[in-house]
Each structure stands twice: as C-alpha cells, then as structure tokens.
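Peer 1: Please build the complex by placing chain Y on the supplied structure of chain X, with the hints as guidance.
One-letter residues, chain by chain:
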Amino acid sequence: MNETAHRFGRAHHLVGIAGTPATPAAPVGVIVLNAGLVQRVGPFRLHVGLTRHLNACGYPTLRFDLSGLGDSGVDGSPRTRQEQVAADVTDAMQLLTSQSRCTRFVLIGLCSGAAHAHAMARTHPQVVGVVFLDGYAYRTPGFWMRHYLRKLVRTSPIRLLKALFNRVRRAGQAHDPVFEVGFPPRAEVAADLKDMLGRGLQLLFVFSGGASGYFNHARQFRECFGALACDPGVAVHYFVAADHTYVLGKDRAALTGIVAAWLRGRFPA
Amino acid sequence: MPRYFGPRRALFGLYQAAAAPRRAVLLCPPLGQEMIRSHRIYRLLAQALAERGHAVLRFDYRGTGDSADAGEGLSWNACLADVREAAAELRSASGLDAVTAFGTRLGANIAMDAVDTAQLVGVVAWDPVLDGGQFLATMDALQAHLLVDTSRFLRPRRDVDPHAEWVGFAPGDRLRAQLGDVRWRPGSALSLLIDSAPREPRAGHAIQQPPPRTLRIERPTSWHDLDAQEDVILAHGVVEAVTAHFQEGRA
Chain X
80 MNETAHRFGR
90 AHHLVGIAGT
100 PATPAAPVGV
110 IVLNAGLVQR
120 VGPFRLHVGL
130 TRHLNACGYP
140 TLRFDLSGLG
150 DSGVDGSPRT
160 RQEQVAADVT
170 DAMQLLTSQS
180 RCTRFVLIGL
190 CSGAAHAHAM
200 ARTHPQVVGV
210 VFLDGYAYRT
220 PGFWMRHYLR
230 KLVRTSPIRL
240 LKALFNRVRR
250 AGQAHDPVFE
260 VGFPPRAEVA
270 ADLKDMLGRG
280 LQLLFVFSGG
290 ASGYFNHARQ
300 FRECFGALAC
310 DPGVAVHYFV
320 AADHTYVLGK
330 DRAALTGIVA
340 AWLRGRFPA
Chain Y
5 MPRYFGPRRA
15 LFGLYQAAAA
25 PRRAVLLCPP
35 LGQEMIRSHR
45 IYRLLAQALA
55 ERGHAVLRFD
65 YRGTGDSADA
75 GEGLSWNACL
85 ADVREAAAEL
95 RSASGLDAVT
105 AFGTRLGANI
115 AMDAVDTAQL
125 VGVVAWDPVL
135 DGGQFLATMD
145 ALQAHLLVDT
155 SRFLRPRRDV
165 DPHAEWVGFA
175 PGDRLRAQLG
185 DVRWRPGSAL
195 SLLIDSAPRE
205 PRAGHAIQQP
215 PPRTLRIERP
225 TSWHDLDAQE
235 DVILAHGVVE
245 AVTAHFQEGR
255 A
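Residue numbers (the working numbering), protein chains in the order written: chain X, 80 to 348; chain Y, 5 to 255.
Isolated chain X, as found in the complex:
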C-alpha cells in the first residue's frame, strides 16, 4: 500500500488519503467525493477498496472529506455550500497534483457525491471525466409503464386495488421528495451534459437497483436524455441487483470492476 494521509486545503481544514501507484502511468488522477454524510472511507468502506484497486491499475487517487464532513473542518468563509464544495475539490486537485503530477481529473460520486461531481464538471476545466453513481435521471412514461407492469405481475388484485385507492387519495396531497438530493430540472441537466460532452468529457452513469424509485431500466437514460445517450462519451450501466450503498462485498467488487474497466478504456494508463 502506498497511501499518505494529509491535512490540506486553503485553511488547512481538509483531511484526505492520497494513493499513488508504484509506477504512475495514468494520464488522470481520480478523486472520490463523500457519499451523503459518510466519511471518506465510503459506505461499507467502498471508497477504500475502489481507490486501492485503481492504484493497482496505475491511477493516482484521493479520497477526502468535504468541509464539515468526516474529519474535515470548515474554512470559516461565508460561502454557499456549492461554493465551498467547489473550493474543496479545487484544493483536492492541487493536493493530488502535488502528489502525482496529474493535472486532469476524474471525479467519482455516489448520491450527493454525484450531484457535487456534476456541479464541478459543469465548470471546472481540469475535470475530464465523471463517474455518477445513482446520479441524475428522471421518471419517463417508460419508467411508469415498467413500474406498474411489475406491480401488476407481482401483486394480488386486492393489494393492487388498495394501492390504487391510496394513490388517488393522496393525489391532492403534497408529494414526498423523489430523492434526498434535490434534482435540477431535466432540461438544465440535459444542457449541462451536452456541454460536458461537447468539451470532450467522458461520463459513466451507474444506476443501482436502489435507485428504482426513479430509474428502472438501462434504456431509461435514453428516454430521459435522447440523443445524448448515444454520444460516444457516455456509458451507462444498470446494476439492478445492487442496493444504493453497495452493502454486499460482491456488489462492491463488481462496481469496482465496472469503474476500473471504464477508466482503462477511456483513460488508458
């Protein structure tokens, strides 16, 4: 293992672990963002296994805690959360550059981490690739058709009638949020993705079975974003068996394999 622990950042307030390969040959460094409130090791230590595997494949990595999460403090400046995240990720890039001489980066984010990675990829010129784990997608007519067909097949008629009754009863009431992370309008996300792809970014979208509340088939990405889904810079993987946080070791290993294979294909070491 060749990992080093760092306290870094503009206010020396961030904590992260840089991993450098024995023979660095990759053209990009990989930065893994916090998933929700979980510290930098990731849910069930997902980020540790992932970054170490990528190190073994030749990629320098950094897993770190954003301001206020895990072991990181705050810089005390009056910034919005989004500005703070942007400044933190910029600090993280500088650290990984100092450790590995990489100047281009791939961001990996799960859930809120995917939302942060999206925001960074919109504007930051050093981001050349993003792995979105249960990132943005939107319910489509196809989603609803599959959703109700499955219910029809699996549910008894009485339970189905009850569910329909409850749905009608709730129709006039306020809706629960679809996802804990706020989703921007679909047109805005589509415009962002188009711009990213126009700048040559490589994008991997992995949706788990745990995202079934808003994503339930590999083709749904195309239903959401149309021709963008066919762009050579886009790859989509629907990991239906897995849950949202990859609680099972075999699912974490499979996800690691998916990410590593994509990196090797798009950014060969």
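Hints are all accurate, no fakes.
Quick list of simulated restraints, FRET-style, between CB atoms:
{"id": "1", "chain 1": "X", "residue 1": "GLY261", "chain 2": "Y", "residue 2": "HIS240", "range": "22 to 32 Å"}
{"id": "2", "chain 1": "X", "residue 1": "LEU228", "chain 2": "Y", "residue 2": "GLU244", "range": "52 to 62 Å"}
{"id": "3", "chain 1": "X", "residue 1": "GLY305", "chain 2": "Y", "residue 2": "GLY241", "range": "51 to 61 Å"}
{"id": "4", "chain 1": "X", "residue 1": "ARG89", "chain 2": "Y", "residue 2": "ALA248", "range": "30 to 40 Å"}
{"id": "5", "chain 1": "X", "residue 1": "GLU162", "chain 2": "Y", "residue 2": "LEU230", "range": "29 to 39 Å"}
FYI, nobody ran anything at the bench for these hints, they're computed from the structure.
Note that beta-carbon positions come from the ideal geometry of N, C-alpha and C, so glycine has one too.
Peer 2: Coordinates of chain Y only, in the frame set by chain X:
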C-alpha cells in the same frame, strides 16, 4: 494531524495534540458498520477532550477504515496488537506514559483485553459486547433480514451466503471463531462503564463486582436496528459523560 504509523505504516490515526497534555486518551473504535456509524461521535469526543487539554489518538485497526489491508484478514489478536501500537504512538506523540482507552461495543472488549499488552492505566467502556456468541447470532440474523429486505434490494439476494458478511463487512472465519469466545470480563482497569444498550442485560449485571462507576443512558442506542444501519450514532450524553469523567481526574 492524520498519519500512518506502526509496522509497514499500516495503521491510520488522527492525533489531536494539547499544549501541555494532562492525560493521553486512546479511542478504540468498534468493528464493522458500528465503526462507520460511530465515527462522528468519536470525532466529537476527540475534539471535546483535546479542548480540555488531553492528547487524543483515534485510529483504525488494520483491515478497517483507512488502515491497510482488507477486512477479511481481521483477527482479534491483530486488533490487540494494533491497540498496543497505537498506545505506543500516543505515548511518543504526547510525551505521556499513562494511556487510558475509550472503547465502544467490540472496541471496549478489545481495549479491556489489551490492558496488559498495551499497558493501559484505565478503560472507559460504552456498551461492550457481553457475549460474543450472542453477538454473532445477532449479526447473522441482521444479515439474513437484510438480504431479503425489499426496501433495500429489488429482489431478495439468495445468491449470497448469509454467514459471509455482517451488514457490509466480511469478518472472515478466523475472526468469527475468535468472536465466539469473546466474553465481557471487566478488570480492575475499568473506570467507567456507559450502558445504553436496550436489548441485552445491563452490563453491570453480568459481572460479580460492579465496576467503580456505571452510567446508564436511558435513551437506547440503536445498534441492531436494521432500518438504522446507515444512520449516524448520536448518543446524547456520551461525550459529556466521558469528558466529565476525565475532568474529574479519573483514569
């Protein structure tokens, strides 16, 4: 400061210094998902202790957190050796010889087992595991429920051995066998027992001689609630109780 230390620099730790430290406190984490869930409270405790002039080291056992190795290789004896290494690191960093440990769940059992080898002068224990066999049975049952939990998986995961993992962590055959033999045996080094476990007999009842101090926290901590396995542990009163304990000058 975050650092790697010990043989092969395999152990990750975060040291919080104090200008003229009054006491050196080693924070021994629990294992598995309980470690990830209690990270926040360990950080808050370390900050509170450092602000009151104590030198504090948090660390991860090999095969856990940011430390080296995979979790499958974890063993009880390796955890005891890691406590010894971490105590030595804390002595070296703080300049103090007397080290007191704080441990939660299996972290408390590990700290108590390491009293002699790590030369700890005291242990503060929060919800230690009373019976390792019962703990294994509970974790296996939790895992079995998790695999068929359709609010987590679209379809039950019958392709997975229910005994291979406990909520995201693979203990390995060696650790499983060792945990079966774990019993809570508080020795004279136990200086404070914090009890917030709702489902097991109170730890104080399981021993012949009650420890010097037992603090009962009535609001139970949800260690084994399947729906709370990804929630942060927020045990109100624990940080305050432990900092007060050390402020009173107890080991």
